[in-house]
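Chemist: Generate the whole structure from the sequences, applying the supplied hints.
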Amino acid sequence: MSNSDQLSLIKTGDGSNSLYCAKFQDTYHSQHGAIQESKHVFIQAGLQALSQRQFKIDILEIGFGTGLNLVMTLEFLKTQPHIQAYYESWEAYPPPKDIIRQLNYSIATSQEDFQRLHELAWNTEHKILSNLTFQKQLASFEDIDMVESFDLIFFDAFAPTKQPDLWKEPFLSKIARATRSGGILVTYCSQGAFRRTLEDIGFSVEKLAGPPGKREMVRATKF
Numbered sequence: 012m013s014n015s016d017q018l019s020l021i022k023t024g025d026g027s028n029s030l031y032c033a034k035f036q037d038t039y040h041s042q043h044g045a046i047q048e049s050k051h052v053f054i055q056a057g058l059q060a061l062s063q064r065q066f067k068i069d070i071l072e073i074g075f076g077t078g079l080n081l082v083m084t085l086e087f088l089k090t091q092p093h094i095q096a097y098y099e100s101w102e103a104y105p106p107p108k109d110i111i112r113q114l115n116y117s118i119a120t121s122q123e124d125f126q127r128l129h130e131l132a133w134n135t136e137h138k139i140l141s142n143l144t145f146q147k148q149l150a151s152f153e154d155i156d157m158v159e160s161f162d163l164i165f166f167d168a169f170a171p172t173k174q175p176d177l178w179k180e181p182f183l184s185k186i187a188r189a190t191r192s193g194g195i196l197v198t199y200c201s202q203g204a205f206r207r208t209l210e211d212i213g214f215s216v217e218k219l220a221g222p223p224g225k226r227e228m229v230r231a232t233k234f
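All the letters of the sequence shown, read from the start, carry residue numbers 12 to 234 under the numbering used here.
Keep in mind the hints are simulated off the structure, nothing from the lab. C-beta: ideal position from N, C-alpha, C; glycine also. Any given hint might turn out to be false.
What the hints assert, rightly or not - Under the rule of at most 25 Å between Cα atoms (straight-line distance), these lysine-lysine pairs were calculated in the BS3-like manner:
no., residue 1, residue 2
1, 225, 34
2, 22, 179
3, 179, 225
Said to hold, decoys possible - Simulated DEER-style distance windows between Cβ atoms:
no., residue 1, residue 2, range
4, 207, 26, 30 to 38 Å
5, 215, 66, 17 to 25 Å
6, 65, 202, 22 to 30 Å
7, 123, 234, 36 to 44 Å
8, 158, 93, 36 to 44 Å
9, 90, 176, 19 to 27 Å
10, 217, 104, 26 to 34 Å
Modeler: Below is the structure:
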C-alpha cells in the first residue's frame with residue numbers, strides 16, 4: 012500500500028482541509044479547524060510569543076506533514092520583516108503530490124506559494140523570504156542529533172496513542188538537547204505523562220488555553 016492509499020482528504024471545522032492517515036488512524040490536524048489550530052498553537056503561543064523577546068529565531072518542526080505550519084509561519088513573517096528565522100522541518104512519511112494539490116490552503120496563502128514550498132528539494136536550504144530560510148529533512152525523527160541548535164520547537168507529531176515513542180523520555184531528551192536555554196516547545200498535546208517527562212528533562216511547563224475544540228495545550232521553556 013502506498014502512502015497515497017493510506018491518506019484521505021477531510022474538511023475541518025474552519026473550512027480548511029486536513030488529512031486522515033489510516034496507518035496511524037489519526038488526523039494531521041484538529042478536526043475543529045486545521046488553520047485555527049496551527050495559528051493558535053504554533054504561531055501565537057510559539058513564534059509570536061518568542062518574537063517579543065528576540066529577533067533571530069531558529070525553528071525545528073517535528074512533523075512537516077501538509078506544510079501548514081510553514082505556511083502560517085511564512086504569512087506571519089511577511090508582516091515582521093525585522094525577524095530573521097531559520098526553519099528546519101523533519102518528516103518521515105511525506106504526503107504525495109497528488110494529495111497535496113487537493114489541499115485548500117489558498118485560504119491562508121496563495122496556492123502558488125503553497126505548491127512552491129512542496130516542490131522545494133529535500134535536505135537542502137532554501138531562502139523563501141528575505142527573512143526566512145527553510146530546509147525540510149526527509150528522515151526518521153529518531154535520527155535527530157543536534158546540540159543547542161534551536162530556539163523554538165514545533166512539536167506536531169501524531170498523538171501519543173498513535174506514535175507513543177515520540178512522546179517518551181528517550182526521544183524527548185534528544186529534543187531537549189537540541190533546544191537552547193530559554194527556548195520553547197509548543198504542542199497541541201497536554202497529556203499528563205508528557206508534561207511530567209518534559210519537567211524531568213529540564214523544561215518548565217505551562218498549560219495554556221487550547222485552540223477550538225481542545226481545552227489545553229502545552230508551552231514548555233528550556234532551563
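Chemist: Now tell me, hint by hint, if it's right for this structure.
Modeler: Verification of the hints:
no.	hint	in the structure
1	225 <-> 34	24 Å, holds
2	22 <-> 179	31 Å, violated
3	179 <-> 225	22 Å, holds
4	207 <-> 26: 30 to 38 Å	36 Å, holds
5	215 <-> 66: 17 to 25 Å	23 Å, holds
6	65 <-> 202: 22 to 30 Å	29 Å, holds
7	123 <-> 234: 36 to 44 Å	43 Å, holds
8	158 <-> 93: 36 to 44 Å	28 Å, violated
9	90 <-> 176: 19 to 27 Å	37 Å, violated
10	217 <-> 104: 26 to 34 Å	30 Å, holds
Of the numbered hints given earlier, the model fails hints 2, 8 and 9; all others are met.
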